[in-house]
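Each protein sequence line maps, in turn, to chains A and B.
Every number in this note's numbering is 146 more than the matching position in the first sequence, counting from 1.
Every number in this note's numbering is 146 more than the matching position in the second sequence, counting from 1.
Quick caveat, the hints were computed from the structure, so don't treat them as lab data.
Among the clues, some could well be false.
One copy or two, it doesn't matter: identical chains are merged, so the pair holds either way.
Unchecked claim - Keeping only pairs whose Cα atoms sit at most 25 Å apart, straight-line, the calculated DSS-like set for lysine-lysine is:
(1) 180 <-> 375
(2) 311 <-> 355
(3) 355 <-> 325
(4) 367 <-> 311
Protein chains: 2
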Amino acid sequence: MESKNIFAAVLAGGVGTRMGNVDKPKQFLNIAAKPIIIHTIEKFVINSRFEAIIVLTPKQWVNNTKDLVKKYIPAAKNVFVIEGGASRSDTIMNAIEYIENNYRLDEETVIVTHDSVRPFVSHRIIEENIDATLEYGACDTVIPATDTIIRSDDNTFINDVPPRKVMYQGQTPQSFRAKKLKEHYNSLSEDEKEQLTDACKIFVLKGEKVALVDGEISNMKVTYPYDLKVAEALLGGNE
Amino acid sequence: MESKNIFAAVLAGGVGTRMGNVDKPKQFLNIAAKPIIIHTIEKFVINSRFEAIIVLTPKQWVNNTKDLVKKYIPAAKNVFVIEGGASRSDTIMNAIEYIENNYRLDEETVIVTHDSVRPFVSHRIIEENIDATLEYGACDTVIPATDTIIRSDDNTFINDVPPRKVMYQGQTPQSFRAKKLKEHYNSLSEDEKEQLTDACKIFVLKGEKVALVDGEISNMKVTYPYDLKVAEALLGGNE
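One chain only, chain A, in its complex shape (with noise of 0.2 Å):
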């Protein structure tokens, strides 16, 4: 068997502190009655360029997530769910780190990281991902901002408005060639490390390119309650 050498992380690490008043992360609810998270899943399983599609949560949330995977995905093979890190830094080197330990991990190794909460990305997305990566050696998906977007660095007064043309929001996935991602991530200081909230900025920081995949405005994060009620007329707009 030739093997694809190219895998998914299903980022799920984080609670999410900005749904209110839930006892679950916000990637366990339901919409259209089932798991977010499982729609997410369910986006990679049904692409077949994936060896593998790794799927990582806080650690007590591991064997919930696996019975929802038999439950809702029983024909997969090829997913599997294991514990998240502190940092969403940390939870891709735990995806990497099991691709070493159960793959293997070379200079051709793709990895396709994406937020367990947004289930609507679209096959288009994910193939490009994988070409760009495969082209470039890193990608980010991003759509041109919507808003303008504002600099304030004391959070009192702007500092500037950049023009709005050169800004863009990222969104998932950002997907990089594994080996060359871990390397140039233990080559940071813990200071560069801490001030990491982006998995792309790794690879800037580096000198690396990253290229731009187009996202989709429906390729959303599911974060506040109200993305649920846009979540749920989505899907019922189109099944």
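Guided by the hints, dock chain B onto chain A, whose structure is given.
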């Protein structure tokens, strides 16, 4: 009568190009059985601090908008519909000219400019806009960036991923001492005027302070077809 010297400008000058196949600018589409622009105007009508509310629309929509105001807000005697300009800045300047010709324009005059397609602006946001402008001379309504912000100068590769904690997404209202706004705008070069996509930038370019007012996620711009579904859901949930 003590004159209030505070004016609202509801900006409906643009003809939307992002709403897909609709025959009307998006501000005239209905949510909860009323045009979006009427929901928006009502938010200012119920605030007694405004001397007048100036609504600016494309020329061919002025009469229609007047009819809508008569139909839906017959009791409001301080709403005036006039023609907007070619650009957002021109539209704001038309509002200031209207104030100058029909009321007065002095150092104290405040103008609160607001997108006609943000019908969910709250009383708190409007109040804080007025107060911040009285104190600092100008303010902008913003929310912390929910997405990572990316800068790409060539629309192909990432140039920068600025630290998210200093990045904000601009909403409206944007509010100003109106006379100063006019003077600063008139002092810009034609090049500077053409590059303007944001009124606050006029103050920023001139080195003036622009204070931040906390926006709200729900103070969204109804720009895309699915926003209408969200808007319906939000109103459905609140009414």
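Hints versus structure:
1. Taking the shortest Cα distances, residue 180 and residue 375 sit within 25 Å of each other both inside one copy (14 Å) and across copies (21 Å).
2. Taking the closest pair of Cα atoms, residue 311 and residue 355 come within 25 Å of each other both inside a single copy (20 Å) and across two copies (24 Å).
3. Taking identical chains as interchangeable, the C-alpha atoms of residue 355 and residue 325 lie at most 25 Å apart only when both belong to the same chain, with a minimum of 15 Å there against 47 Å between chains.
4. Taking identical chains as interchangeable, the C-alpha atoms of residue 367 and residue 311 lie at most 25 Å apart whether they share a chain (22 Å) or sit on different chains (18 Å).
The structure agrees with every numbered hint stated previously.
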